[in-house]
Amino acid sequence: DVKVTQSSRYLVKRTGEKVFLECVQDMDHENMFWYRQDPGLGLRLIYFSYDVKMKEKGDIPEGYSVSREKKERFSLILESASTNQTSMYLCASSPQGGSDEKLFFGSGTQLSVL
Amino acid sequence: DQQVKQNSPSLSVQEGRISILNCDYTNSMFDYFLWYKKYPAEGPTFLISISSIKDKNEDGRFTVFLNKSAKHLSLHIVPSQPGDSAVYFCAASAFDSWGKLQFGAGTQVVVTP
Numbered sequence: 003d004v005k006v007t008q009s010s011r012y013l014v015k016r017t018g019e020k021v022f023l024e025c026v027q028d029m030d031h032e033n034m035f036w037y038r039q040d041p042g043l044g045l046r047l048i049y050f051s052y053d054v055k056m057k058e059k060g061d062i063p064e065g066y067s068v069s070r071e072k073k074e075r076f077s078l079i080l081e082s083a084s085t086n087q088t089s090m091y092l093c094a095s096s097p098q099g100g101s102d103e104k105l106f107f108g109s110g111t112q113l114s115v116l
Numbered sequence: 094d095q096q097v098k099q100n101s102p103s104l105s106v107q108e109g110r111i112s113i114l115n116c117d118y119t120n121s122m123f124d125y126f127l128w129y130k131k132y133p134a135e136g137p138t139f140l141i142s143i144s145s146i147k148d149k150n151e152d153g154r155f156t157v158f159l160n161k162s163a164k165h166l167s168l169h170i171v172p173s174q175p176g177d178s179a180v181y182f183c184a185a186s187a188f189d190s191w192g193k194l195q196f197g198a199g200t201q202v203v204v205t206p
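Keeping their order, the protein sequence lines are chains U and H.
Heads up: the first sequence runs through residues 3 to 116, numbered per the numbering used here.
Heads up: the second sequence runs through residues 94 to 206, numbered per the numbering used here.
No lab work stands behind these hints: they were computed from the structure.
All values derive from a computational prediction rather than experimental measurement.
Glycine included, every Cβ here is placed at the ideal spot set by N, Cα and C.
Hints should not be assumed to be uniformly reliable.
Taking lysine to any residue pairs in the SDA-like style, the calculated list, with each CA pair at most 25 angstroms apart, reads [claimed, not checked]: (1) Lys104/U - Pro102/H; (2) Lys15/U - Glu135/H; (3) Lys164/H - Gly42/U; (4) Lys164/H - Glu135/H; (5) Lys104/U - Asp148/H; (6) Lys149/H - Lys15/U; (7) Lys98/H - Ser89/U; (8) Lys104/U - Pro206/H; (9) Lys104/U - Arg110/H; (10) Lys130/H - Lys15/U; (11) Lys5/U - Gln96/H; (12) Lys59/U - Ser190/H; (13) Lys57/U - Gln96/H; (14) Lys193/H - Pro97/U; (15) Lys59/U - Gln95/H; (16) Lys130/H - Ser69/U; (17) Lys104/U - Glu108/H; (18) Lys57/U - Gly192/H; (19) Lys5/U - Ser77/U; (20) Lys149/H - Tyr125/H; (21) Lys193/H - Ile79/U; (22) Lys193/H - Tyr52/U; (23) Lys147/H - Val171/H; (24) Lys73/U - Leu43/U; (25) Lys193/H - Ser109/U; (26) Lys193/H - Gln98/U; (27) Lys193/H - Leu43/U; (28) Lys193/H - Lys15/U; (29) Lys104/U - Gln201/H; (30) Lys5/U - Gln95/H; (31) Lys104/U - Ser144/H; (32) Lys193/H - Gly42/U.
Coverage of chain H stretches by chain U, computed from C-beta distances (three or more under 8 angstroms per stretch; other residues unrestricted) [stated by the list, open to error]: (33) 110–117; (34) 153–164; (35) 167–176.
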């Protein structure tokens with residue numbers, strides 16, 4: 003069964019900590035995405051990557067960075083966590099040239115920043 | 094400002110009846126629309142999509158209708174089943190913004206016996 007795996011289901015961090023959220027996909031997809039989901043706002047795109055070592059800013063990249071050293075792994079980094087980054091983080095992937103933009107999502111990481 | 098809006102945060106429907114979920118958008122450059130379904134503790138899963146060259150797409154119990162002039166789409170679920178209870182997200186993309194899907198806030202559907 004193909005899947006997108008996020009390393010943690012729940013995370014609790016302190017303000018100012020550096021936080022790493024890891025995502026691994028086993029579908030050999032070229033494209034990977036990081037979204038955050040907040041009540042009343044839906045899913046908002048933080049960053050995406052269409053190839054190893056390539057990255058593109060999404061709609062809300064401020065306060066985040068990403069790393070894609072291997073095709074199957076896409077990491078989201080919060081350099082200095084703040085309380086307004088408390089959210090559900092969702093990783094997704096899709097195949098290259100997928101004209102329908104169908105995304106495959108992981109189960110999410112609920113991050114609480116105290 | 095949100096470019097995709099789902100103005101009904103929740104919908105309750107009886108089993109066997111029709112569920113109608115609505116979605117409005119503001120960006121006239123959107124040319125592809127998708128619906129995702131999300132259960133608690135799971136990621137969203139793709140449900141159905143429609144291209145702007147069509148006005149209807151059907152897949153089993155699910156039908157999506159697109160009204161480009163009104164910038165409106167709807168998802169019909171007929172008949173509704175208890176397993177359809179989930180949050181449904183509408184999403185849209187523009188040909189010149191590949192990868193940047195815009196999502197609505199979601200509609201929580203509860204199907205009652």
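Review point. So which of those numbered hints doesn't the model satisfy?
Key: 4, 6, 8, 9, 10, 11, 16, 17, 24, 28, 30, 33, 34, 35
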